[in-house]
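Colleague: Chain E is already provided as a structure; the job is to place chain L on it using the hints.
For reference, the chains in residue letters:
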Amino acid sequence: GESVGLHLPTLSVQEGDNSIINCAYSNSASDYFIWYKQESGKGPQFIIDIRSNMDKRQGQRVTVLLNKTVKHLSLQIAATQPGDSAVYFCAETPNYGQNFVFGPGTRLSVLP
Amino acid sequence: DGGITQSPKYLFRKEGQNVTLSCEQNLNHDAMYWYRQDPGQGLRLIYYSQIVNDFQKGDIAEGYSVSREKKESFPLTVTSAQKNPTAFYLCASRQQGAGNEKLFFGSGTQLSVL
Numbered sequence: 107g108e109s110v111g112l113h114l115p116t117l118s119v120q121e122g123d124n125s126i127i128n129c130a131y132s133n134s135a136s137d138y139f140i141w142y143k144q145e146s147g148k149g150p151q152f153i154i155d156i157r158s159n160m161d162k163r164q165g166q167r168v169t170v171l172l173n174k175t176v177k178h179l180s181l182q183i184a185a186t187q188p189g190d191s192a193v194y195f196c197a198e199t200p201n202y203g204q205n206f207v208f209g210p211g212t213r214l215s216v217l218p
Numbered sequence: 005d006g007g008i009t010q011s012p013k014y015l016f017r018k019e020g021q022n023v024t025l026s027c028e029q030n031l032n033h034d035a036m037y038w039y040r041q042d043p044g045q046g047l048r049l050i051y052y053s054q055i056v057n058d059f060q061k062g063d064i065a066e067g068y069s070v071s072r073e074k075k076e077s078f079p080l081t082v083t084s085a086q087k088n089p090t091a092f093y094l095c096a097s098r099q100q101g102a103g104n105e106k107l108f109f110g111s112g113t114q115l116s117v118l
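Protein chains in written order, with the working numbering: chain E, 107 to 218; chain L, 5 to 118.
Only chain E is shown next, with the shape it has when bound in the complex (with noise of 0.2 angstroms):
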C-alpha cells in the first residue's frame, strides 16, 4: 500500500556515516521551520523543528541548520542507523501553523 515516494530523490549512506539531508523553502516570510520522518505506509513523524531566529538546533543525533540568506534548510544526521531509512521532508510555515507548505521529500536509503 506504498504511495509515498515513488520518484522522489534519494540519498544512500552507509551505516555509521552521518546524513546530511537538504531543503530549499519558498517563503522569505517564513519563521518556522519542521523536519518530518515518513516510513513506508506510515504517517510523518517530527524529528526537529526550528524558529527564523535562530540558525541551528540540535536534538538527539540530529541537527538543523537554517540559511536565511538563501533559504535553505539543512538535517543532519549523525552515525545513520539502518532504522533511519524513511522519507524526509521539511515544511515552513509564514503564519504561526496556519499553513504548512511541505516539500516534496528526500528517501534516505542506509545501507549495511
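Hints are supplied without guarantee of correctness; some may be wrong.
With a straight-line Cα cutoff of 30 angstroms, these simulated DSS-like cross-link-like pairs (lysine-lysine) come out [to be verified]:
hint	chain 1	residue 1	chain 2	residue 2
1	L	LYS106	E	LYS177
2	L	LYS106	E	LYS148
3	L	LYS74	E	LYS148
4	L	LYS61	L	LYS87
5	L	LYS87	E	LYS162
6	E	LYS177	L	LYS13
Just a few of them, taken from the derived set where beta-carbon distance is under 7 angstroms, the chain L residues facing chain E [to be verified]:
hint	residue
7	LEU15
8	GLY44
9	GLN45
10	ILE64
11	ALA65
12	PRO79
13	GLU105
14	PHE109
15	SER111
16	GLY112
So the derived list for chain L, only partly shown, Cβ under 7 angstroms to chain E, looks like this [stated by the list, open to error]:
hint	residue
17	GLY46
18	LEU94
19	GLY110
20	VAL117
It is worth saying that the hints were derived from the structure and are not from the lab. These numbers come from a predicted model, not from an experiment. Just so it is clear, CB atoms sit at the ideal spot from N, CA and C, and this is done for glycine as well.
Modeller: Same frame as chain E, now just chain L:
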C-alpha cells in the same frame, strides 16, 4: 495512549461512490487538518478546521467535504466529483496559538479506485 487515529488503513472506492475517512484525536487539539499525499509531491491541504462547527477550504478542496461536529473528530468524505481520488490521505492536528505550530499526524489511509 494519546494520538490521532485514522481508519480504515486501506479503502477502495467504486465509480460514483462516496467514501468517508475517519479521523479521531484525543490530544484535545483545537485545529485539525486533512492532507493528500501523492508520489513525488509534498503534502497538499484539502480542508482544515480551527474550531468546532467551523472549517475552511484548503488548496485542493474540490470533490471533498468535511464536518466538525465534535472537537475530537474530523471526518473527510471523498465524493464522486473527485475524479482522481487515489492517494494517501493524512489527518493532522495541533493546538492553536503561537508556540504550538507543530503538527501531529495520524497513520494515514490509502484510498484506491476499483
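Colleague: Which hints, by number, does the structure contradict?
Modeller: 5, 6, 7, 10, 11, 12, 20
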